[in-house]
Amino acid sequence: MFVAASLSFILAAAPNVQGGEKPILSARDQKSLADKLKKYLAAEIAYDNAEGRAREKAGKTRRKAKGQFTDAWESAEKKGEVMGSMADLKAIYHNCFTPKKPKHGKGKLYPQTLGAGSDLKWGIYVPKKYREKSPWPAIVSLPDGSAGTWSKPADHFKRTWDGSAMMDTHVVHIPVIPQGLELDPIPDYARDGAEKDEDSRNRTVLGTLGFVLNNYNIERDRVFLDCGREACGYGVRLASLFPDRFAGVILRDAVAVDKIRLGALSNLPILMLKTADNAASVDALEQRIEASAPGMVTVLDAKGAAPHLESAADILAWMEAQRRVMAPSKVVLEPNHDRFKKAYWVNIHVAESLLTTTGEDQPRLQVEADREQNRITVEAKSVERFELLLNDDLVDLSKDFTVVVNGKAVQETRRRSFRDMHNRMVTRNDWGYLFPVRYVTTVPKDAEATGADKAPK
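Residue numbers (our numbering): 1 to 457.
These are calculated hints, taken from the structure and not from any lab test. Just so we're clear, the structure is a prediction, and the values are computed from it rather than from any experiment.
Below are the BS3-like pairs computed for lysine-lysine, each with C-alpha atoms no more than 30 Å apart in a straight line:
#, residue 1, residue 2
1, Lys330, Lys381
2, Lys31, Lys60
3, Lys408, Lys330
4, Lys330, Lys22
5, Lys121, Lys158
6, Lys133, Lys64
7, Lys128, Lys101
8, Lys100, Lys60
9, Lys64, Lys78
10, Lys330, Lys90
11, Lys39, Lys22
12, Lys66, Lys38
13, Lys100, Lys66
14, Lys57, Lys31
15, Lys158, Lys106
16, Lys133, Lys103
17, Lys38, Lys133
18, Lys64, Lys39
19, Lys57, Lys38
20, Lys90, Lys100
21, Lys128, Lys158
22, Lys31, Lys399
23, Lys78, Lys60
24, Lys100, Lys129
25, Lys78, Lys399
26, Lys64, Lys36
27, Lys78, Lys39
28, Lys303, Lys152
29, Lys36, Lys79
30, Lys158, Lys133
31, Lys38, Lys60
32, Lys64, Lys101
33, Lys152, Lys128
34, Lys90, Lys342
35, Lys381, Lys196
36, Lys381, Lys259
37, Lys303, Lys108
38, Lys64, Lys90
39, Lys133, Lys100
All chains should be modelled from the sequences, with the hints used to inform the complete structure.
So, in structure tokens, the structure goes:
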């Protein structure tokens, strides 16, 4: 993409020196690169959106920003391979987008829509002290519902967060759930219409969240999913499909999700509020999650009547301790949908269908990186082909690394690619998504050696 193309000649000549855990660059150099990257990204977006003479003017601004960033990167590369230093990459890319000022006021909940005729609607709250220059943590709050009748965002906000300390610290996004659409029932994909209903649920939540991420300055490592009554089962299901989108999940009224596999939650903290009425459901779900994702559950006694406004301080204290880790050393994928089979740095490409497998025969992938040994161990079940996105938090990419798939090992070397890493980050709109190496391989059959892709090294 734009920055990648201009830097290809620099990176091709860069020394393959591992930066290690300590940064190569000074804080001043990191900030200089970060500022120039931010200007370049903003100039590229402005150029893409401009027309006529305005596009010609935007092109000049873009070329100038491109040259300044390229020169600064070339200078930085003389001090070592910045691509191998995750401390430097994270500092340079953090907060690299430039959101506009909100078109509405602050300090109260405002209704939003994608435009006239759009069925995607939500409520948005930004604190009075919100400034678009700095990232803010965010809460995606699913409202209470009953038999498909959902609370309006303003009413839900008043009952869950109004008057709490959160109003000074977090952006809150409350999707408008279409009336008549239930969230919690687990889809039976063998039934006509089940796929369409699930797509509607996911689009309602993630589609509106996408707008918020594009238009407000949201800290990508501090987005929380807060689930109200009759939305908690769906919240667990959604988190199992997209665990790397959230820093934590709050269940205000947990329910059984016996048909949902929970291994994908192994890096996602879960907070459950417990009452006399839901104690049995909370205990059962805690036990199930603990079996698949040990140490991820916190249970607190709920305060006051549902949805427990009085528990806001306890919830905020829990959220303050949570941060998303984009490259955890261990990732488990237990897909609950045939179309959503990736999380963090692991992606299943080809696997058996959930519609034709049951129990232990269903697809499962467990991947663990050991940086000290420079080894990645993979255990695959009913998976034919998968992809790993790698960075120097996981293994030292300046050296050979070993990939062991179902007990069969192969030694590999991969060259870091700025182009690929940058394009993935931009496409996902996530400055924490920094993986300069892509590795795709096929799961070996019992009598075969591992058949890794012969990609350029």
